[in-house]
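Colleague: What follows is each chain in one-letter form.
2 protein chains.
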Amino acid sequence: MAVYTDVADEELAAFIATYDIGALLSCKGIAEGVENSNFLLHTEAGYFILTLYEKRVDPNDLPFFLNLMQHLAAKEISCPTPVANTVGELLGTLAGRPAAIVTFLEGMWVKRPRPEHCAELGAGMAALHLAGADFAMVRPNALTVGDWRPLFEQCGSNSDRVQAGLSAEIEKELRHLEGRWPKDLPTGVIHADLFPDNVFFLGDELSGLIDFYFACTDAFAYDVAICLNAWCFEQDGAFNVTKARALLNGYTKVRPLSEPEYEALPLLARGSALRFLLTRLYDWLSVPEGALVTPKDPREYLKKLRFHQGVESVKSYGLDL
Amino acid sequence: MAVYTDVADEELAAFIATYDIGALLSCKGIAEGVENSNFLLHTEAGYFILTLYEKRVDPNDLPFFLNLMQHLAAKEISCPTPVANTVGELLGTLAGRPAAIVTFLEGMWVKRPRPEHCAELGAGMAALHLAGADFAMVRPNALTVGDWRPLFEQCGSNSDRVQAGLSAEIEKELRHLEGRWPKDLPTGVIHADLFPDNVFFLGDELSGLIDFYFACTDAFAYDVAICLNAWCFEQDGAFNVTKARALLNGYTKVRPLSEPEYEALPLLARGSALRFLLTRLYDWLSVPEGALVTPKDPREYLKKLRFHQGVESVKSYGLDL
Chain A
1 MAVYTDVADE
11 ELAAFIATYD
21 IGALLSCKGI
31 AEGVENSNFL
41 LHTEAGYFIL
51 TLYEKRVDPN
61 DLPFFLNLMQ
71 HLAAKEISCP
81 TPVANTVGEL
91 LGTLAGRPAA
101 IVTFLEGMWV
111 KRPRPEHCAE
121 LGAGMAALHL
131 AGADFAMVRP
141 NALTVGDWRP
151 LFEQCGSNSD
161 RVQAGLSAEI
171 EKELRHLEGR
181 WPKDLPTGVI
191 HADLFPDNVF
201 FLGDELSGLI
211 DFYFACTDAF
221 AYDVAICLNA
231 WCFEQDGAFN
241 VTKARALLNG
251 YTKVRPLSEP
261 EYEALPLLAR
271 GSALRFLLTR
281 LYDWLSVPEG
291 ALVTPKDPRE
301 YLKKLRFHQG
311 VESVKSYGLD
321 L
Chain B
1 MAVYTDVADE
11 ELAAFIATYD
21 IGALLSCKGI
31 AEGVENSNFL
41 LHTEAGYFIL
51 TLYEKRVDPN
61 DLPFFLNLMQ
71 HLAAKEISCP
81 TPVANTVGEL
91 LGTLAGRPAA
101 IVTFLEGMWV
111 KRPRPEHCAE
121 LGAGMAALHL
131 AGADFAMVRP
141 NALTVGDWRP
151 LFEQCGSNSD
161 RVQAGLSAEI
171 EKELRHLEGR
181 WPKDLPTGVI
191 HADLFPDNVF
201 FLGDELSGLI
211 DFYFACTDAF
221 AYDVAICLNA
231 WCFEQDGAFN
241 VTKARALLNG
251 YTKVRPLSEP
261 EYEALPLLAR
271 GSALRFLLTR
281 LYDWLSVPEG
291 ALVTPKDPRE
301 YLKKLRFHQG
311 VESVKSYGLD
321 L
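Chains as they are written, first to last, in full-length UniProt numbering: chain A, 1 to 321; chain B, 1 to 321.
Hints were generated in silico from the structure; no laboratory data involved.
On a predicted model such as this, the values are computed, not experimentally measured, just so you know.
There may be inaccurate statements among the hints.
The list makes no distinction among identical chains, and a pair is therefore deemed to hold if it is satisfied within one copy or across any two copies.
To be verified - Computed list of lysine-lysine pairs in DSBU-like fashion (alpha-carbon distance at most 35 Å, straight line): (1) 296 <-> 111; (2) 303 <-> 183; (3) 315 <-> 253; (4) 315 <-> 303; (5) 315 <-> 183; (6) 303 <-> 28; (7) 28 <-> 111.
With the hints as extra help, turn the sequences into a complete structure.
Modeller: If you want it as structure tokens, here you go:
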């Protein structure tokens, strides 16, 4: 659930008055996202989302995220568009936190994606990659191969409390990836967190992408690998090759993958699985007793990692190359 | 926070299809209310609230609540209006729970009400009482004087864990109220839970009343007494007589209070304070370790009870009678 901050009435009204969106008619905290506080606003000018950035977001990164959304929206990628205030700024302050107002996006995320959704996701992600090509700002990925070992070291021997032998397994995988991580793949703006809850659909059609707060400059194929993990496994842990094929075909119809990108995909998928295994492990071990938020089970990503360890080529992802 | 139930995509779409409100464009869980799961829906026909009734609401009471809202809305009380499905029913089933769709109401609740808000509340409550006069259904108050002792007995000696001597203090108050509780006051539909978060404003004007899930048939003046407690004390526990005067004057301009109602008000205020003290005490003692919801502090209502114990007449509420 995601309303961490209470906002005083007068302060909210004063904040809204710094925008050219008319008077406030309604403001409801919404149960979406886990990093920030989100409110659905209705004003005389329409519907908007107000986000208060909580402490897990680095304020220095916000201009990148907000300018990116503005850039993408101008290129007709359907995503929340930041609204500038009356002095032209995308970022303000509310309740002591950085705060932004973005446009409201229709659509709903799909809890059990089907291959049709994966195909739409692939195409939408490829369009995002193309649209970001001339975005001028750069933000290195803060959760890529070089960041995983420090994260792992913070978990330390506690990892084995989650599953016996986990420490050794992660250590071995880290060594494998650190020696082989590709450096020369086509690079640009990636979303880096395109999980189903960040992709809206109306019926079977993709209606928008949200939550750009992990977006960064990295290999496009790594974004694809993240989605293979996030979209193409069943609840029981089984890999669904039909969904993977749909995702990859959807992607390549809009932006073809190069030979080196295809070849790197199994390794990138292992890396992406390890990245989410490690962040979930860290969160799992950091949650205080009796906390309000139930962390996600890191073992889901251990299973995914093991699957990709057994993959020899993209044929396992449903492609006949 | 209040989204207790996850609804499957297909099930939600099928449910919406039983209403004549067009296709679903957006559905967001909202962080409002504590008893039920609430979602803000946008469909081709507009904005609505979808409520899933969780286990604290007795399904047998739902027809009373929904028909009441329909009745009041028809009398131009601004409140959520239940939307009938294509076979004319106000109540359906979703995710195994009773579910209803009501119209979306503009406005925001006021976290720190001022006397102007109290005056509006008084007038709005009186209008509600008048509008309910010819509502045909009856629902006895399930949390009135006769229900307090059983609730207290369930708390037992644990009460003293909350505050030393609390048990004895409640026992004494119960005996006082049980012997004197008025039976012949003007009676009709009351809201019975008109706390600030159930009253919406646009600017200083009341724009609507929500959350009728404690509404029942009881003395009108008891509703007034509940509001004296809920609206007229400051954060530090001090009674604000200016707010009380505004509330009572706002009320009586629309529906005059009779002599017996005025006289009963201090006793009804004691009873109302005890009712919320007891339900909060019960919740406080029932919450399991590490629960998601922080219960409200019962001692707030102990302070309010003590204030009214010292009141001799409605003069203490700011009226010159």
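Colleague: A separate judgement is required for each hint: does it hold in the structure or not?
Modeller: These are the hints, each one checked on the structure:
1. 296 <-> 111: both (16 Å within a copy, 34 Å between copies)
2. 303 <-> 183: Answer is within: at 26 Å inside a copy they meet the 35 Å cutoff, but 67 Å across does not.
3. 315 <-> 253: Close inside one copy (18 Å), not across copies (78 Å); limit 35 Å.
4. 315 <-> 303: Answer is within; shortest intra-copy Cα gap is 20 Å, inter-copy 71 Å.
5. 315 <-> 183: This pair counts as within: shortest intra-copy Cα distance 23 Å, inter-copy 80 Å.
6. 303 <-> 28: between (38 Å within a copy, 31 Å between copies)
7. 28 <-> 111: both (23 Å within a copy, 13 Å between copies)
Going down the numbered hints, you'll see the structure goes against none, and every one checks out.
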